[in-house]
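Participant: Line by line, the protein sequences give chains Z and D.
The numbering used here numbers the first residue of the first sequence as 1 and each following residue consecutively.
The numbering used here numbers the first residue of the second sequence as 1001 and each following residue consecutively.
Calculated directly from the structure, the hints in this document are not laboratory data.
Predicted model, so just to flag it, every value in this text is computed and none were measured.
Where is the CB? At the ideal position from N, CA and C, for every residue including glycine.
Misleading hints may appear alongside valid ones.
The following residues of chain D were derived to be distant from chain Z, with all beta-carbon distances above 10 Å [as the list claims (entries may be wrong)]: (1) Arg1190; (2) Glu1217; (3) Gly1284; (4) Arg1340; (5) Arg1344; (6) Glu1362; (7) Gln1402; (8) Lys1410; (9) Arg1490.
Chain Z is faced by these chain D residues, among others (derived, beta-carbon under 8 Å) [unchecked claim]: (10) Ala1134; (11) Gln1375; (12) Phe1390; (13) Leu1391.
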Amino acid sequence: MKLMMNNGCIKPPQIIILIFLAVLLGLAYFLKMDLAGLFNESLIKLVMNGVLVLSLIPMLNAGAGMNFGLPVGITGGLIGMCIAVNFRLAGWPGFFMSLLLSVAICGILGWIYGLILNRVKGREEIAGTFIGLSLIPLMNYFWTLAPFQNRQMLYPIGGQGLRPKITLEPYFYNILDNFSLVKLGPLEIPLGLLGFYGLICLGLYLFFRTKAGRAAMATGENEAFARLSGIDIAGARLLAIILSTVIAGIGICVYSQSYGFIQLYDAPLAMYFPAISAVLIGGSNGRRAFIFQAALGAYLLQTIYLLTVPIANEILVPEITEILRTLITYSIILYALLYRERQRGSGHEN
Amino acid sequence: MENILEIKELSKAYHGVPALIDIDLSVKAGEIHGIVGANGSGKSTLMNILFGNPIVRETGGYQGEILYRGRRIHPKSCGEAIRLGMGMAHQEFALLPDLTIAENIKLGRERTWKFTDRLFGPKYSFIDRKRNAAGAAQVLHQLGLDVDVGIKVINLATNTKQFVELAREIDRRDLQLLLLDEPTAVLSKRDGLKLIEVLMGMSQAGLGIIFISHRLEEVEHICDRVTVLRDGRVVSRYNKGEISISQLARDMIGHRVNKAIAPARDLNTRPVISFRQFSVDMPGEELKGLDLTVFEGEILGLTSLSGHGKLALGYGLMGLYPAAGEVIYKHQRIDQMDARANIRKGIYVLPDDRQGLGILPEHSLADNIIFTGNQVKNLFAKNMVRPFGFLDQKKADLHVGQLVDELEIKCASIKQKVRELSGGNQQKVCMARALTVDPKLLFVAEPTRGIDISAKEKILKLLIDLNRTKQTTIIIASSELDELKRVCDRIAVLVEGKLFKILAPDSPEVEFGLALAGEQGN
Chain Z
1 MKLMMNNGCI KPPQIIILIF LAVLLGLAYF LKMDLAGLFN ESLIKLVMNG VLVLSLIPML
61 NAGAGMNFGL PVGITGGLIG MCIAVNFRLA GWPGFFMSLL LSVAICGILG WIYGLILNRV
121 KGREEIAGTF IGLSLIPLMN YFWTLAPFQN RQMLYPIGGQ GLRPKITLEP YFYNILDNFS
181 LVKLGPLEIP LGLLGFYGLI CLGLYLFFRT KAGRAAMATG ENEAFARLSG IDIAGARLLA
241 IILSTVIAGI GICVYSQSYG FIQLYDAPLA MYFPAISAVL IGGSNGRRAF IFQAALGAYL
301 LQTIYLLTVP IANEILVPEI TEILRTLITY SIILYALLYR ERQRGSGHEN
Chain D
1001 MENILEIKEL SKAYHGVPAL IDIDLSVKAG EIHGIVGANG SGKSTLMNIL FGNPIVRETG
1061 GYQGEILYRG RRIHPKSCGE AIRLGMGMAH QEFALLPDLT IAENIKLGRE RTWKFTDRLF
1121 GPKYSFIDRK RNAAGAAQVL HQLGLDVDVG IKVINLATNT KQFVELAREI DRRDLQLLLL
1181 DEPTAVLSKR DGLKLIEVLM GMSQAGLGII FISHRLEEVE HICDRVTVLR DGRVVSRYNK
1241 GEISISQLAR DMIGHRVNKA IAPARDLNTR PVISFRQFSV DMPGEELKGL DLTVFEGEIL
1301 GLTSLSGHGK LALGYGLMGL YPAAGEVIYK HQRIDQMDAR ANIRKGIYVL PDDRQGLGIL
1361 PEHSLADNII FTGNQVKNLF AKNMVRPFGF LDQKKADLHV GQLVDELEIK CASIKQKVRE
1421 LSGGNQQKVC MARALTVDPK LLFVAEPTRG IDISAKEKIL KLLIDLNRTK QTTIIIASSE
1481 LDELKRVCDR IAVLVEGKLF KILAPDSPEV EFGLALAGEQ GN
């Protein structure tokens, strides 16, 4: 892990974010907010969104760019959860079945997604965006027409088609959040949740230590080199894309159990910008990312989101929070794209 | 004559490591000022400062004074340097791969239609493609290169790119000072001479030129003054007439270089690999129906003028470019030009384009060295399910450590990023990777390009040792005839993508000259 941290150096975006965070913390303190409570929540937010952020890493490192097609993986996870809920699987069996189904479905979706991305090498980001955008309406049909039976999932009137928000209350709401929750005075440390997150980090870390992972990494860094070294470029990329999609599927399961609802229809579209934004805030250059950067970025971004809500409610109009969120999310991506173009450009500058 | 450029007590350090220390240097109008020095002696840093490369500012700027035409300047960007009338041809090309040759040469100085000039102003005027192409072709012709200027740069061979890079600078009217970083490194001798003629003509017209080269004969031949750098300091300076190659070499290295020489010997004539009508479609370096048999255990030199196909052989065999024809390796036909399969069979290719094909710049030295061996031959793997096996880090580090000592790779540690190493050490890392794979048949392309004398000899010596101790058959594609003559058992000369003649290494210069030009000598 140490090796991964060496590269997470602090650059302008991180500095801005850190200053912003410090200002917010100061405000929260002066407004006498429940700092311990906020801290507790920040840990949950980290994992809730953090797994989705982690899911970007394999694709980035294999040279397939920032995964703007994150909705593909999310959709796989949503289908997995919907099936589990349809059979009224509650508690751990429900959650595990969701994960299992998500992994299986995302594996297949990721494979198809990877095959497509391998055909548009170099333009994965824009292709991914449009694959994501076109998958959503397709899935909207699916959510309306698929023969799910559980009444709690269906529209109350008519009994046809899934609701946009399916409550997980009777199934596996907060099942990870509350697993081995340790209370230290006012602090609540969700050990189970953090452990689960750590496990995925460890898995990713180990993947990049394997032969296949090294091959994917080399492909991302210098494709011609990898080819001359006898690496199956398409295969290495495909593997990374499948892995990214599968982790995204797991990510949405973790997200939903924290959030309490399965969000269908257009909801996946709101998820990929914050995730990409987070990995960039963590210090990734948009072409390569380390686990540490993903974790740091997820924590910083989510904590800011978390702090802006009550503070803005206290001193500003409530709507400002949404504006601030969007502003941060998009401008960071814009910054990264600008910065990356400049880096690329300087090589040819004359 | 007046000084165009005057540098006073220039110093620069990267992260506390001094790269230049108290450099004094001046260039007069119409002077060709040579700068020689081993890799890492500070030549590139000097160029970066002069040409306003942003990396200099990002790493804390420099100390000292630069006077340009008597005025003090602080080049902050390349654009500023260009406006001052400086031009630079880079060692690593600064060309736009997706534009054509003509567009690259004329970039920023395009000829436009007069009519639209008046209509929209010169900035938004339509470009007169025909005149631009004609102009570009003319400059290239001046350099002795006749090529379709409509070809995209991405499709060109390295040497042609070098000409395009130079043509872009030479084409400028306002040019007063031209910085050339190893302009002839990627050129064959003949192309190099052509270029030198052009440069001498330009300097007579009043242009100041800073000429960096590893080829000391050229420096001796064309420079009015030579400054020798070693470890960031000026160690000596000579005027024309006082320059001697051996003195320059001694000053550069600080000690004498032992040249690697392989003694002549009798060869067995068992073929290890034969090519029949072998063609490779590598743009700018096509092979068109090569017939060549390589004997077991020999070192075969492969030379040609640039663009005549010597580089394509290894790449074609590895499937980097489409190839056709018959290849028999150890009595077996190779049907698929597949890198993985061929590495397993014992064939390995060391590329000429180190930055593009040879290294993983962001990875550590150790990762680079073991990469291919680990991936293809499963070396250093712990016994686990493939392909998810882990690396036996201890075993790998031990192996890397040995190679670093053996090859004298200069590095802070084996975890250092390869990007941070000098060209010569990067080439040694490539060699170490090849040694790790332990091939039976090794293709090496331009092994000594752009690296300093001592590293050069070290690498040639390594190749000879590898051949003598492990009986590895080695094919060296190179334009450095002197080196080939010292190292090889036979030298094959290619002309227009075909085998023209195989010569013994002790054949006279003239015969090589004739063969390279495609003339049948008697």
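Participant: Hint by hint, note whether the structure agrees.
Facilitator: Going through the hints against the structure:
1. Arg1190: holds, 28 Å
2. Glu1217: The assertion about Glu1217(D) holds, with a minimum of 29 Å to chain Z.
3. Gly1284: The claim stands: Gly1284(D) keeps its Cβ more than 10 Å from every Cβ of chain Z (closest is about 16 Å).
4. Arg1340: violated, 3 Å
5. Arg1344: Given that some Cβ of chain Z is not farther than 10 Å from that of Arg1344(D), nearest at about 8 Å, it is violated.
6. Glu1362: violated, 6 Å
7. Gln1402: holds, 21 Å
8. Lys1410: Check passes; 21 Å lies beyond 10 Å.
9. Arg1490: holds, 26 Å
10. Ala1134: Violated. Min distance 23 Å.
11. Gln1375: holds, 6 Å
12. Phe1390: Constraint on Phe1390(D) satisfied, holds at 6 Å.
13. Leu1391: holds, 7 Å
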